[in-house]
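Enquirer: Residue numbers (this note's numbering), protein chains in the order written: chain B, 1 to 113; chain S, 1 to 114.
FYI, nobody ran anything at the bench for these hints, they're computed from the structure. Mixed in with the good hints, there may be bad ones.
[Claimed, not checked] Dumping the calculated BS3-like pairs for lysine-lysine here, alpha-carbon to alpha-carbon at most 30 angstroms:
#, chain 1, residue 1, chain 2, residue 2
1, S, Lys68, S, Lys56
2, B, Lys57, S, Lys71
3, S, Lys71, S, Lys54
4, B, Lys57, B, Lys13
5, S, Lys5, S, Lys68
6, S, Lys5, B, Lys57
7, S, Lys71, S, Lys5
8, S, Lys71, B, Lys13
9, S, Lys56, S, Lys5
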Amino acid sequence: KAGVTQTPRYLIKTRGQQVTLSCSPISGHRSVSWYQQTPGQGLQFLFEYFSETQRNKGNFPGRFSGRQFSNSRSEMNVSTLELGDSALYLCASRGSVGNTEAFFGQGTRLTVV
Amino acid sequence: DQQVKQNSPSLSVQEGRISILNCDYTNSMFDYFLWYKKYPAEGPTFLISISSIKDKNEDGRFTVFLNKSAKHLSLHIVPSQPGDSAVYFCAASARTGGSYIPTFGRGTSLIVHP
Numbered sequence: 001k002a003g004v005t006q007t008p009r010y011l012i013k014t015r016g017q018q019v020t021l022s023c024s025p026i027s028g029h030r031s032v033s034w035y036q037q038t039p040g041q042g043l044q045f046l047f048e049y050f051s052e053t054q055r056n057k058g059n060f061p062g063r064f065s066g067r068q069f070s071n072s073r074s075e076m077n078v079s080t081l082e083l084g085d086s087a088l089y090l091c092a093s094r095g096s097v098g099n100t101e102a103f104f105g106q107g108t109r110l111t112v113v
Numbered sequence: 001d002q003q004v005k006q007n008s009p010s011l012s013v014q015e016g017r018i019s020i021l022n023c024d025y026t027n028s029m030f031d032y033f034l035w036y037k038k039y040p041a042e043g044p045t046f047l048i049s050i051s052s053i054k055d056k057n058e059d060g061r062f063t064v065f066l067n068k069s070a071k072h073l074s075l076h077i078v079p080s081q082p083g084d085s086a087v088y089f090c091a092a093s094a095r096t097g098g099s100y101i102p103t104f105g106r107g108t109s110l111i112v113h114p
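In isolation and in its complexed conformation, chain B is listed as follows (with noise of 0.2 angstroms):
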């Protein structure tokens, strides 16, 4: 079974511009969410889908969207990049939202110049 896929692994981007990241999940899981890994932070939480609506959301600014796909798939947009977006963006899949295990992707490593 394949594992949480995301792509692309490393981004380099400037400030202003805009990012889309993906993640697959594990096929059969429903329910994605997306974390920001900044050194020193840990794991923030970002938002989660579930059947293509999102059900919880972190606490960040407008600039971070995402949305999910009916193949379960998700994508999240930064706009308006600054240099403190700078980080591992991971992306984690559940079987359901009430299942309490989360799988975790290698992450997507952005750097804004």
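Fit chain S to the known structure of chain B by using the hints.
Expert: Just chain S, lined up with the frame of chain B:
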């Protein structure tokens, strides 16, 4: 305000000895707790979990202890092995809108010396 705290950023242990990683939480609504392990350039992988109705859960060399009154949990690794060297994240979750969203600590970097 951090709801899940891992106050030790790093821990160094000799191979064969016990590693004890600690985690404190403030939200009394948390009822499920997890530990994840992360190697560089990889995503976190689930290690072990515990429900608030238990005070101990064991899986091989890994044991998690939960002290609800102190809002404290710990992960014991016995015996520690060099391959255990990684960053360990504590996570706590409560059912929010029908969903368990884990809140993570900042992690503890464990180094096991041969």
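Enquirer: Against each hint, give a clear statement of whether it holds in the structure.
Expert: Hint-by-hint comparison with the structure:
no.	hint	verdict
1	Lys68/S x Lys56/S	11 angstroms, holds
2	Lys57/B x Lys71/S	25 angstroms, holds
3	Lys71/S x Lys54/S	13 angstroms, holds
4	Lys57/B x Lys13/B	25 angstroms, holds
5	Lys5/S x Lys68/S	15 angstroms, holds
6	Lys5/S x Lys57/B	21 angstroms, holds
7	Lys71/S x Lys5/S	11 angstroms, holds
8	Lys71/S x Lys13/B	42 angstroms, violated
9	Lys56/S x Lys5/S	20 angstroms, holds
When each numbered hint is compared with the structure, a violation occurs for hint 8 only.
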